[in-house]
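Residue numbers (this note's numbering), protein chains in the order written: chain V, 1 to 290; chain H, 291 to 589; chain P, 590 to 1006.
Treat the hints loosely; a few may be bogus.
Stated by the list, open to error - In the PhoX-like style, the derived pairs of lysine-lysine whose C-alpha atoms are separated by at most 25 Å in a straight line are:
hint : chain 1 : residue 1 : chain 2 : residue 2
1    : V       : K41       : P       : K800
2    : V       : K11       : H       : K482
3    : H       : K551      : P       : K631
4    : V       : K45       : P       : K718
5    : H       : K551      : P       : K868
6    : V       : K11       : H       : K485
7    : P       : K718      : V       : K41
Stated by the list, open to error - A few chain V positions that, by computed beta-carbon distances, are all more than 10 Å from chain H:
hint : residue
8    : W4
9    : D68
10   : I80
11   : A83
12   : E141
13   : D152
As the list claims (entries may be wrong) - Selected chain H positions facing chain P (Cβ under 8 Å, derived; list incomplete):
hint : residue
14   : T371
15   : G372
16   : I373
17   : A447
18   : G448
19   : V526
20   : F528
21   : S546
Rather than coming from a laboratory, the hints here were simulated on the basis of the structure.
Glycine is no exception: its CB is placed at the ideal position from the N, C-alpha and C atoms.
Residue-level listing of the chains:
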Amino acid sequence: MRAWLERQIPKMVLAPSFVAILIFVYGFIGWTAWISLTRSKLLPKYDLHGLIQYKRLLAAPRWDTAMDNLLLFGALFICIAMALGLLLAILLDQRIRVEGVLRTIYLYPMALSMIVTGTAWKWIMNPGLGIEAMVRGWGFEGFRFNWVIDPDMAIYAVVIAAVWQASGFVMALFLAGLRSVDGEIIKAAQIDGIPGWRIYTAIILPSMAPIFLSAFIVLAHLAIKSFDLVVALTGGGPGYATDLPATYMYAMAFSRGDIGQAASSAMVMMGVVFAIVVPYLYSELRAKHV
Amino acid sequence: MSDLSSTPSAITAQTRPGQIALRWLLFCFLGLFALFYLLPLFVMVTTSLKSLEEIRSGSLVSLPREVTFDAWRTAWSGACTGIQCEGLRPYFWNSVLLAVPAVLISTFLGAANGYIIAQWHFRGANLIFSAMLFGCFIPFQVVLLPMARMLGLMGLAGSIPGLIFAHVIYGIGFTTLFFRNFYVTIPSDLVKAAKVDGAGFFRIFWSIFLPLSLPIIVVTVIWQFTQIWNDFLFGVSFSQAGTQPVTVALNNIVNSTTGVKEYNVDMAAAIIAGLPTLLVYVVAGKYFIRGLTAGSVKG
Amino acid sequence: MRRSVFTAASTLALLTASVTSMAQAGPEAEVLHWWTSGGEAKSVAVLQQEFSANGGTWTDMPVAGGGGDAAMTALRARVLSGNAPTAVQLKGPAIQEWYEEGVLANISSVAEAEGWDKVLPASIAAHMKCEGQWCAAPVNVHRVDWLWANAEILQANDIAMPNSWEEFNAAADKLMAAGVIPLAHGGQAWQDATVFEVVALGLLGAEGFDKAFVDLDPEMLGSDKMVAVFDQMRKMRGYVDSNFPGRDWNLATSMVMNGEAAFQIMGDWAKGEFLAAGKVPGEDFLCASAPGAGFLYNVDSFAMFDVDGDDKQAGQELLAKLIVGQNFQKVFNLNKGSIPARVDVAMEEFDSCAHLSAAEMTTSSKEGSLLPSYAHGMAMRGAQSGAITDVVTAHFNSDMSSADAVEMLVTAVANSH
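Whole structure, please, built from the sequences with the hints as guidance.
The following block contains the structure:
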């Protein structure tokens, strides 16, 4: 009896969190799915009206732009932030005296709200006020950096600001991982005469697989949530060239009183996320079944 | 002569000139990156120290000709956030009351959950973990309205406990992830040995795992504090007059639609609003290092 | 001895308690609004002071940003959680939309007692009514279709304020040749929409505008006249400088003030910028109605929500009465740059541009050309106006042809219901 109770304790402790997630994540997703099948405008209504919201969604050119942007922005942001974070972590791992200061410098962007750092970036990237004007002032008349006002390039400007904000945190994650690799294995490898870079690729990086998972999830979460950044930097513009599903959803739900449409866009977006994240999670967690 | 220390850092170059050259290259890279990261902060700080005249006439990256702290004073206690023109000060305490409990509770829950999933294997543990992870991807806009309804039903509408509740719920996914990934690297022999010694579930957690967890606690606290302190959406939707956090006040100062834009006050306000998080980073950074050099995991 | 002291003390305590409880039963209101900048805040403070002077307690709930987007988010959450604010800054058809959700209160008793029907223009009064009952109180009337100009530049280049869009184009070409940016513009969706609807008023006429943007008549939306509107927008695109995307509207106004640009098409809140910088209307800057016969209005108002409690309901009635009261109408609008919604307010202290606005409001009301602004949420509901703005801003920021734009427009409106 006592042993059975002992075995149940872990499940009981985990249960409240799990139940909370069931209700507040999956329950709410279910609610959103229901609303996406209604004609809700200002406030939720519960009479079902079929797939009309999805038809409207697919007929909206702005939604196409938003989804394309999500995939483009998401892929670039995640890859560049991971690479940069890893690079900085490896560089910082090289026993430097000013490591503490540098670490804080790389990390602090995450601390500041994008509502205003977005404004700072907007100025920096503005051709008339920022980098372009400054470099031209130094004599390079032909220098151009007007991505922010160019409908085709604006999304890349958003990537730059987003990477700036998040890569420091990724670096911290990787640094923690690098530092917790077992020293014995490294020593053994060095004694065996394996070259430095090989030690990194064959021993250290693979052992950091869970960190890659955490970094990916953090970055994917930020990419999906990216709202303050876009609003502050470009306002979704020029036109709606830098619109993302999060801003589309917000506009529909709160600016336009079209909650049904917002719900359908949320469902599609979560479907896409699900399709990308679940296989990754599966492969990662599968490997843990050792 | 290269020394065979146990970190990867000494693996790079074996010859003295090679080492020096690589060292210089290293500093160069790190320096350039540091410039990239510092640029917006530089712009923000210099703008906050200039007068409006100078901002209009000067260039973005120029140092202030005349340093004034008026903007800072205004941002703290004089900027208009509505009818009251009392700056950020009245809202600060609300944010503290909101952030500290929420961070503590969600971190603790994450540690407990991570411990269970990583070390106490039972059927479906990984499935539950994946299910919880998916919660990390929900954009807050989606859950805003149903959560508002729930908070109303629970009688928590417009209150700080309500805000704490919302933030804890949506923080569990992340905190569990961080702790689980950390605890997974601890060999299960440790738990087996402890069980043989007669320790139970809670004892093992409290006496063995928690003390080992300093680095990951630090990372989790940094993440959660940042997310919760800087959150605007929940803050504006689930509060009312008197319980609004500092981000709502910051938004009111910065995003006023008409009227003269006082850029220096905006920048000063943003930095003030971000100071607690920056403080957490600086303080936590020290413990981060301490935790690591104390030989955290593999000891 | 002790007994009498005791009796005296308890009587005193009882009296104090009843007095304080009576004092706490005064009208109260929690007001959600987005007037957070210095000038606007001062204007709303006037209302708060009057409210307090009449025994009321004002709880401020300001949420800035986006012409009310963040405030609307907060409002939705509050209504759903059963905790609606007492009064909310709402305008246009949104008022009727909220009424349809069943969450607005009825303030007809105040309106009738104060005779609102007599002092408000008919079209404006119509916006404040929900199925015949009064549910909102108007604060001001903003005019959207203003043309602002730098007097010096116009004089130096021998240009008069244009009366038609052809004249505007001619003037603009002249200015470009002289190296001056003809039109100062900020590339945000609502600003693109503002220019669009002002151009549309000029080229479609009052009736056409009404058909297109109030009735959403697909024929009008898809007509050749609409193609002409987009053609003119394409021309306007050529008259703005290349740095316009994302620019805030007040920075565009500065461009006109300091001589970089000649014209700006913006509502009368631009006047506040000029005045704050010490410019004099008629001397430093000129104001005229943009080419087109009509008056596009944007009326700010407070809608009263259905709340429990006598205090709050008393608060609503007091607030409504004060908002349409003579004093507030005058003082608020003097500070804000708009004109009073009430037609019987003494206008001596207002400047020349305001007089022009008030006079034209009366004439256009008589002629039936007092029209609601689509760009500022007065003419149609959010879903439709958003759909139209998407098309307008996409066209302005790309090289889409006018014919394609019109097609997109018709589809978008059909798709937005």
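V:A83: least C-beta distance to chain H exceeds 10 Å?
-> holds (13 Å)
Chain P contact restraint for H:V526 - C-beta distance below 8 Å | holds (5 Å)
Going straight from one Cα to the other, do V:K11 and H:K482 come out at no more than 25 Å?
-> holds (18 Å)
Can the hint on H:I373 be confirmed by a CB-to-CB distance to chain P that is less than 8 Å?
-> holds (5 Å)
Holds or violated: are the alpha carbons of V:K41 and P:K800 at most 25 Å from each other?
-> Given pair V:K41, P:K800 holds - Cα atoms ~24 Å apart, limit 25 Å.
Straight-line Cα separation of H:K551 and P:K868 no greater than 25 Å?
-> holds (18 Å)
Determine whether the non-interface label on V:W4 survives the test: each CB of chain H must be over 10 Å from its CB.
-> Answer for V:W4: holds, closest chain H Cβ roughly 12 Å.
For the hint on H:S546, just tell me whether its beta-carbon gets within less than 8 Å of chain P.
-> Holds. Min distance 3 Å.
Is the straight-line distance between the alpha-carbon of V:K45 and that of P:K718 25 Å or less?
-> Cα-Cα ~24 Å, so holds.
Since V:D152 was said not to touch the interface, does its Cβ keep a gap of more than 10 Å from each Cβ of chain H?
-> At roughly 24 Å from the nearest Cβ of chain H, V:D152 sits farther out than 10 Å, so the non-interface label holds.
If you draw a straight line from the CA of V:K11 to the CA of H:K485, is it 25 Å or shorter?
-> Given pair V:K11, H:K485 holds - Cα atoms ~18 Å apart, limit 25 Å.
Does H:K551 pair with P:K631 here, judged by a C-alpha cut-off of 25 Å?
-> holds (16 Å)
Consistency with the previously given hints is maintained throughout, with no hint failing.
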